[in-house]
Amino acid sequence: MTKCCDYKSKYKHVGQRYDRKDARKKVTGQAVYAFDMEFPGMLYGGILLSPYARAKIVSIDTSEAEALPGVKAVVTGEQYDIKVGLYMQDKLMLAKGETRYQGEAVAAVAAIDQKIADKALTLIKVEYQPLEAVTTLDQALEAKVLVHEDINTVKHLEGVFFPQKDSNIASWNKNRKGDVDKALEESYMVVENEFSLPTVGHVPMETHVCIVQADPYSDKIRIWSSAQSPFALQQMMAWSFNISHSDVEVNVPFVGGGFGGKAGIHLEPLGAVLSRAAGGLPVKIRPSREQEFNQLPTRAAMRGRIKTGVDKDGMLQAVKVVYDWDSGAYADYGVNVGKAAVYSGIGPYEVPNSYIDSKTIYTNKVFSTAYRGFGHLETHWTIERQMDLISQKLGMDPYEFRRKNLLKPGSRTISGELITESSGSPTDCLDAVVKEIGWTGRKTEEERAKEWKTGKVRGKGFAMLQKAPAMPSNTASSAIIQMTGDAHFRIMIGAIDIGQGANTVIAQMAAQELDVPMEKIEVVDTVSTQTNPYDWNTVASKFTFMGGNAIVMACRDLIRQMKDVSAQILRTTPDNLKHGGGYIYHVHNPERRISYESLSLGYAYENGMGVGGAMIAHGSSIADGLTNLHPETGQGNPALDWTFGAHGVELEVDIETGDITVLKIASAFDIGQVINEKLIYGQITGGVVQGLGSAVLEGYKFNTENKLMNPSFTDNKIPTMKDIPLEIVPIYIENPQHDGPFGARGVGEHPMISVPSAIGNALYDALGINFHVLPLSPEKVALGIIENARKNTE
Amino acid sequence: MSVDKDCSMFAEHPDSKQTPIDLCLTVNGKKVCYSIDPTMSLLHFLRDKMKLFGAKESCGEGECGACTVIMNGKAVTSCIVLAAEAEGAHVVTVEGLAENKKLSILQEEFITHDALQCGFCTPGILMSARALLDANPNPTDEEIIEALSGNFCRCTGYIPIFNAVKAAAERERKELGK
Chain G
1 MTKCCDYKSK YKHVGQRYDR KDARKKVTGQ AVYAFDMEFP GMLYGGILLS
51 PYARAKIVSI DTSEAEALPG VKAVVTGEQY DIKVGLYMQD KLMLAKGETR
101 YQGEAVAAVA AIDQKIADKA LTLIKVEYQP LEAVTTLDQA LEAKVLVHED
151 INTVKHLEGV FFPQKDSNIA SWNKNRKGDV DKALEESYMV VENEFSLPTV
201 GHVPMETHVC IVQADPYSDK IRIWSSAQSP FALQQMMAWS FNISHSDVEV
251 NVPFVGGGFG GKAGIHLEPL GAVLSRAAGG LPVKIRPSRE QEFNQLPTRA
301 AMRGRIKTGV DKDGMLQAVK VVYDWDSGAY ADYGVNVGKA AVYSGIGPYE
351 VPNSYIDSKT IYTNKVFSTA YRGFGHLETH WTIERQMDLI SQKLGMDPYE
401 FRRKNLLKPG SRTISGELIT ESSGSPTDCL DAVVKEIGWT GRKTEEERAK
451 EWKTGKVRGK GFAMLQKAPA MPSNTASSAI IQMTGDAHFR IMIGAIDIGQ
501 GANTVIAQMA AQELDVPMEK IEVVDTVSTQ TNPYDWNTVA SKFTFMGGNA
551 IVMACRDLIR QMKDVSAQIL RTTPDNLKHG GGYIYHVHNP ERRISYESLS
601 LGYAYENGMG VGGAMIAHGS SIADGLTNLH PETGQGNPAL DWTFGAHGVE
651 LEVDIETGDI TVLKIASAFD IGQVINEKLI YGQITGGVVQ GLGSAVLEGY
701 KFNTENKLMN PSFTDNKIPT MKDIPLEIVP IYIENPQHDG PFGARGVGEH
751 PMISVPSAIG NALYDALGIN FHVLPLSPEK VALGIIENAR KNTE
Chain S
1 MSVDKDCSMF AEHPDSKQTP IDLCLTVNGK KVCYSIDPTM SLLHFLRDKM
51 KLFGAKESCG EGECGACTVI MNGKAVTSCI VLAAEAEGAH VVTVEGLAEN
101 KKLSILQEEF ITHDALQCGF CTPGILMSAR ALLDANPNPT DEEIIEALSG
151 NFCRCTGYIP IFNAVKAAAE RERKELGK
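Sequences listed follow chains G and S, in order.
In terms of the working numbering, the first sequence has 459 at position 459, counting the first letter as 1, and numbering is strictly consecutive.
In terms of the working numbering, the second sequence has 78 at position 78, counting the first letter as 1, and numbering is strictly consecutive.
So here's chain S without its partners, still in its complex pose (with noise of 0.2 Å):
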């Protein structure tokens, strides 16, 4: 839909004939198997097949951080990640973040600091905060701020996000025992 390019960056051809593939991966626990365009996202595909709307999409590119979530232990911003790369793989978004219906300290934490006002990025930022506390339970103000930096807010500011991630890692550590 750009000025005067052709078709979007990762836009399937319509004529092309893609032969389907067959994608098997894990997401929020629960083991899945689907018949995938290969040249579907990993976005596009947590949204069209899985359903799953939290994950959000605001540049398409990567820059952003609004689609992040979390494969094989690591953020990545799915909107760059084709399907098809995450066969095998542990997927979890944010829809996996709360168990038996309690919410995880991580997301008591965005609501008690309010790090959160439309709230069109905080899926995304949840999961960099998820994966950033999953690989380092302890991390220092400037690791917080590396492991964030890629995700755009346009409503807080930033500092309650911070603040939250921090008061999360903290009773992380006291009452998981991380």
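Chain G with its partners taken away, still in its complex shape (with noise of 0.2 Å):
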């Protein structure tokens, strides 16, 4: 088992192995989530989700469970018309005349207790008609039966999403550069393949949780919600109920864990909508596991259609690839998943010619968002298994192909962006882990042989990864600081710190900026929109990178504050005026100097009269030099950091049972600056056996009639200790991206990213068999050994 910790870091701060912020309210009890919550006269949420994907609804009877004693309030869709959604209103909050999935929300109740609400649900009658559903691409794409019958009028965000008319594809995005066609014509060789992967859920243990409270009397609406982006979510239910954003108030507790699927809106109008129908109260919904299986959103199925052409030195001359995405019967979050295919979908390669589709669809089954990567896991299962199948037919060793393709300084990516040496480093990551592994080349066929009799096999592999914030151009975070008297450091921030250690972070930025020690920095940790500072959103992996900067900048305006002040009292200018050991003082003569405290409320002089006033700074930060892409080409700027990245695996089969053991996974990053080694190994960890379980383990299973069969844990397992690589290496890269906070870059969704993948590249290194569909479950891996063994003996 892996040990942390050894980074040496140049900072006093930076780059430390300080202790999670937040950890000893978490090992005693002591944090509080919105699951934990409880307010006086505090009703319990009910929904009832449907049991058709897709049925007309004829009547639904409320009577019986607004009869029934305890009930406060019964709401179906017929009474509301209240869309939802940030880049595609698709969503009405109850299912209105038609339901498109089963598990959607036709009705909900609030009661006294959570065992009434229960039973009220089962006393209202629905009245169903069951029609044709949509459950495969291939029927949504052939468009006889639409999802949405409305989608050539659904609001949508215009110029970056592009739903086709009378069709079931809720945005079309698209790569353009060079001409693919005819470079595909001319390659030495050209590889095609398809790889899938199925729906898969995010599972935070804390379910979706929220409090609602509105005002009956005004548009007031109150929020304590398990959500990762307060802001987001105050913005959404301002559109969703024609609202000002200041009626909308999000508190934030602590949350048991987001992953993405607690980004955007959920609940909460459903929430808003009971509160008001019994009167004002506080309504809290929180769903059962089961309930968030069927009910909330997923990270969609894709399939991914690839054609590559290479020149016989194995420089890739074209790739041309369509993803289709299931997104399931709404796509608000899923079209932006769909749209980051555009340009991170070839992986961190340089080729001339590139062409890419990602459609976005909707099929009658439970819908997806954004998931821990943000649909790179997909694409790099599609991209570095190629790869790797590129490199077998071209029998050249895949470490030699993938390096003579790698990005690099003076490169451009397929929307045409420069790559330079503040980028990071691609070919560092795959060195990295090449040689942590150990690899000397593929395994030949008399060496599988030989192994083959023990009844366990060995592979090695490895695949890159790489992502950039997927986010809109104008994307801002920001940051306060407020002394106290004694000259402590109060900070808020937007963001919300769901575990991967953010509010640490920013302490350590601070105290590295003001030179302070840790102990003196407070981080708020509830957030709430009435007091903390705006952030677009808690996801992406940008946190690091734009609260860093913001927090930065307060720093320094903090401390110009008190340069100016100082200098009055000190009769100098701010010029010559150093900041350090809790002291503003002069350069030149250092007891010269006024103390942080002194300054902190404002400073007094000896006979009582006051200058300056109380320390509060603020720092905001925005996307710097990103653009919108264009419509038909995909060409533009929209990364605001790449994060290149490379995982090596080594493993071992066993042939009779198919089981998986991963005997050693080494992941290398280039994060630019380490601020906390703890945190990053941690979110390595962490992302290595998330992405372990999309690789052997996970994944939704429908029937026929696209009911989900498994929702529960019973059945819709992930990852236990059980189950997770006896070793796991983490390698920092640290080439410094010069408009980073002290050159950093995010890390905290890429660790799970291409982990399916190198361990594909090493099950294929192992077996000489590859496999195109996930997960590889031993029941996968087994019935592909034998198909091999037959087809062998043909």
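Please note that a few of the clues may not be correct.
Restricting the straight-line Cα-Cα distance to at most 25 Å, the calculated cross-link-like pairs of lysine-lysine (DSS-like) are [as the list claims (entries may be wrong)]:
#1 Lys51/S to Lys31/S
#2 Lys404/G to Lys182/G
#3 Lys83/G to Lys155/G
#4 Lys96/G to Lys144/G
#5 Lys722/G to Lys664/G
#6 Lys722/G to Lys74/S
#7 Lys404/G to Lys312/G
#8 Lys520/G to Lys102/S
#9 Lys393/G to Lys791/G
#10 Lys25/G to Lys51/S
#11 Lys408/G to Lys312/G
#12 Lys722/G to Lys701/G
#13 Lys101/S to Lys174/S
#14 Lys25/G to Lys102/S
#15 Lys101/S to Lys25/G
#16 Lys722/G to Lys166/S
#17 Lys443/G to Lys780/G
#18 Lys707/G to Lys56/G
#19 Lys664/G to Lys166/S
#20 Lys30/S to Lys25/G
#21 Lys166/S to Lys25/G
#22 Lys25/G to Lys49/S
#23 Lys520/G to Lys101/S
With the Cβ distance kept under 7 Å, some of the chain G side facing chain S (calculated, not the full set) [as the list claims (entries may be wrong)]:
#24 Thr2
#25 Arg20
#26 Val27
#27 Gly29
#28 Asp36
#29 Val203
#30 Met205
#31 Glu206
#32 Gly686
#33 Phe713
#34 Ile718
#35 Thr720
#36 Ile724
No lab work stands behind these hints: they were computed from the structure.
Every residue gets a Cβ at the ideal spot worked out from N, C-alpha and C, and that includes glycine.
Two chains, two frames, some hints: make the complex.
And the structure:
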């Protein structure tokens, strides 16, 4: 098992192994989550879900539920016309007239306790008329049945997403560079493959919980939620209810895991209408695990069809990919995943000709949203398996093949962005993992045959990865610092520490800039839109970079203010002053100094006269230099910071059971600068194991009528301690990004990306069999071995 | 709240008139007696009656371990234990780990090794680890993995947790002479 940590930092606070700021509260049971919260008069919500993938709602009779003692409100879709969504307003808060997935909310109740709410749901009589459902991507593309009859008029972010007329395509995003068809024709070799992976769940340990109180006498709505992104939620509530942003208050206590699934808007609108219907009492909605699986969003299933042309030296000439995303019944956030695939959809490689169609497609199943890595685990399953298959066909070492084609300073990405030294180095990452796993080339057939007799075979493989934050080009973050009378620093940010360690990272950067001990920095750990400064969303691995830049700016603002006041007191100019050790001091004579403490709330001269005032500073950063992508070609500047990485894997397969044991995984990321090794280590171990879940274990199973067959932990497990790799080796590459805080880039999502690809590649090395479909479950691997043996004997 | 079931698995039927029963047990070293609904789970007893919110509910069917507490020395998933079964029992929750306002070695090692991220599963994992170390102060790697394999964590990838438990075992043997 792997130990953390031995990183040596050149900084006093940045790069040091501080304990997580909120750890003490979390090991003593004091951390309060939305799940734990109670309010006077609080009611409990229940939601009735559609049992059909697609059905007409003929009638709903709520009279018996309303009559049940203890029930305070019953609502159905007929009463409302509230649409929700950020990029595509395609979803009604409650189904109206038609249900579009098994698990869709049809009616809701609020009652004095959960048992009565659950009982009331059983008393609601819904008459459904089942309709033919769109169950597969191909059926959706045929467009004989439309999941959304109103697709031609659905409100969406124009110029960024492109719903197709009279179809099930919510958005068709494109990349076009060079002349792909000509380049493929002229290529020495063309390799074509199809890869796919199923829908999976985020599985945060705390389900999506909210408590909503809607004032019946005004537009005001108060929310306590397990949301990742309070300001995005505030904005969407304002849009949905056609009220001002300032009418919506969102408070976020500790959050029990998010992984992208708690960004966006979920149960809060329903909570608001229930609360208002119940006379303004707060309503808590807390889905069961089964409900979470059935009703709440997932990571979309995906099919990638890829065609690659190379020359005889193994240089990439052309890549043509069609990504079809099965976004389920709604595509609000899903379309943005589809968009990310067009600027990142061939991996960290230089290729003169590229062509990507990324289609986000409606079907009648539970809908999709952002999930850690935002489409990149999926696209890299296609890209990095394909790179391995090409190298097999070329008879070239996959390390050599990749190394030739990686992006390097001077390269342009498929959207036309220039790569520089400041972008980081994919090559450094590849070299590091290949060295760590002791790669010496693929196994020969003879070596495989020899090992086969032992019943267990080993293989090595690796895969590259890249990701930049997928976000609007004008995304903003901000931070506020206020000093206390004893020169402590209270920081407020608008992002949520959902476990990734945002608050600790921010505190370290502030301690570094201000040159004060970490104990003097407090980061407020409940975020409220009433008090905290704006942040777009807690997603996209963007916070260390953008929030980091904001806190650095805030610290500099604070120091400037302290210097301005000190200059008056010391009768000098701010230019002659420096800061450090808790003082503002004169550059020539450090004894001429003023303590932070005496400045914090306003300085008092000996005679009592005051100067300065309470020290309050702010910093506000915006994504710098990004542009929208051209709608037809996908050209533009989408990437704030590319974080490149690679995984190298050694595994063992039991040829009888098909069971894979990962013996070692080495994971390298060019993060620019380590801020806190303990926290990065946790992001890597956590991300790798989550990626392993996608690789070998997880997946939703639907029957032919698109009913979810495994909505529980009994049949839809996530990895446990028994499933983890025997050794994880994190490798930090530090090629600084010059506009990042201390040179740092984000790495929250990246460890999950390409874990399945690296395992798939190692599996080929072990078995000589190429797998194209995830998960690589024991059953699938064992059947693959049998099928391969049958083919070889024929 | 399921799609087509009548009531959730452990919910008492709201029309039923259950006669309350008396329950006396020791929680975190303190003897308490309550009059409770006989269908109440131990988890809901701890949260709703005792107002101990450390143990969480994540699946409600004993699969994920977020509700783990120690009952008579054994780690149990309190969401599928009836409170009535705890009559006379000694129950320890995460709130009972720190003594005299000082964190226990196990808690300290969880912090040192960053064995938690979002923290929602942490109280349950701490209790599984506590039960293991109480019964077996010198566990092998396999025994640690076995004891903690019933606790889901979606954030950490378990390795920091494993390292924390191992380090805590070592320190407890050294410092507490176990």
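Now the hints, each set against the structure:
1. Lys51/S to Lys31/S: Since the Cα atoms of Lys51/S and Lys31/S sit roughly 15 Å apart, the hinted pair holds (cutoff 25 Å).
2. Lys404/G to Lys182/G: 22 Å, holds
3. Lys83/G to Lys155/G: 10 Å, holds
4. Lys96/G to Lys144/G: 22 Å, holds
5. Lys722/G to Lys664/G: Given that 25 Å is the threshold and the Cα spacing comes to 15 Å, the pair holds.
6. Lys722/G to Lys74/S: 20 Å, holds
7. Lys404/G to Lys312/G: 13 Å, holds
8. Lys520/G to Lys102/S: 22 Å, holds
9. Lys393/G to Lys791/G: Holds, because 19 Å separates the two Cα atoms, which is no more than 25 Å.
10. Lys25/G to Lys51/S: Since the Cα atoms of Lys25/G and Lys51/S sit roughly 17 Å apart, the hinted pair holds (cutoff 25 Å).
11. Lys408/G to Lys312/G: Measuring from Cα to Cα gives roughly 21 Å; hence the hint holds.
12. Lys722/G to Lys701/G: Given pair Lys722/G, Lys701/G holds - Cα atoms ~23 Å apart, limit 25 Å.
13. Lys101/S to Lys174/S: This hinted pair holds, its Cα atoms lying about 22 Å apart.
14. Lys25/G to Lys102/S: 13 Å, holds
15. Lys101/S to Lys25/G: 13 Å, holds
16. Lys722/G to Lys166/S: Roughly 16 Å between the alpha carbons, so the hint for Lys722/G and Lys166/S holds.
17. Lys443/G to Lys780/G: 22 Å, holds
18. Lys707/G to Lys56/G: The hint holds at about 16 Å.
19. Lys664/G to Lys166/S: Since the Cα atoms of Lys664/G and Lys166/S sit roughly 20 Å apart, the hinted pair holds (cutoff 25 Å).
20. Lys30/S to Lys25/G: At roughly 22 Å apart (the allowed maximum being 25 Å), Lys25/G and Lys30/S satisfy the hint.
21. Lys166/S to Lys25/G: Status holds; Cα separation ~22 Å.
22. Lys25/G to Lys49/S: 22 Å, holds
23. Lys520/G to Lys101/S: With a Cα-Cα distance of about 22 Å, the restraint between Lys520/G and Lys101/S holds, given a limit of 25 Å.
24. Thr2: 6 Å, holds
25. Arg20: Holds. Min distance 6 Å.
26. Val27: 4 Å, holds
27. Gly29: 3 Å, holds
28. Asp36: At 5 Å from the nearest chain S Cβ, Asp36/G passes the 7 Å test, so the hint holds.
29. Val203: Where the cut-off is 7 Å and the nearest Cβ of chain S is about 5 Å from Val203/G, the hint holds.
30. Met205: 4 Å, holds
31. Glu206: 5 Å, holds
32. Gly686: Gly686/G check passes; min Cβ-Cβ to chain S is 4 Å, inside 7 Å.
33. Phe713: OK, holds: Phe713/G within 7 Å of chain S, min 4 Å.
34. Ile718: 6 Å, holds
35. Thr720: Holds. Min distance 5 Å.
36. Ile724: Check passed: Cβ of Ile724/G comes within 5 Å of chain S, closer than 7 Å.
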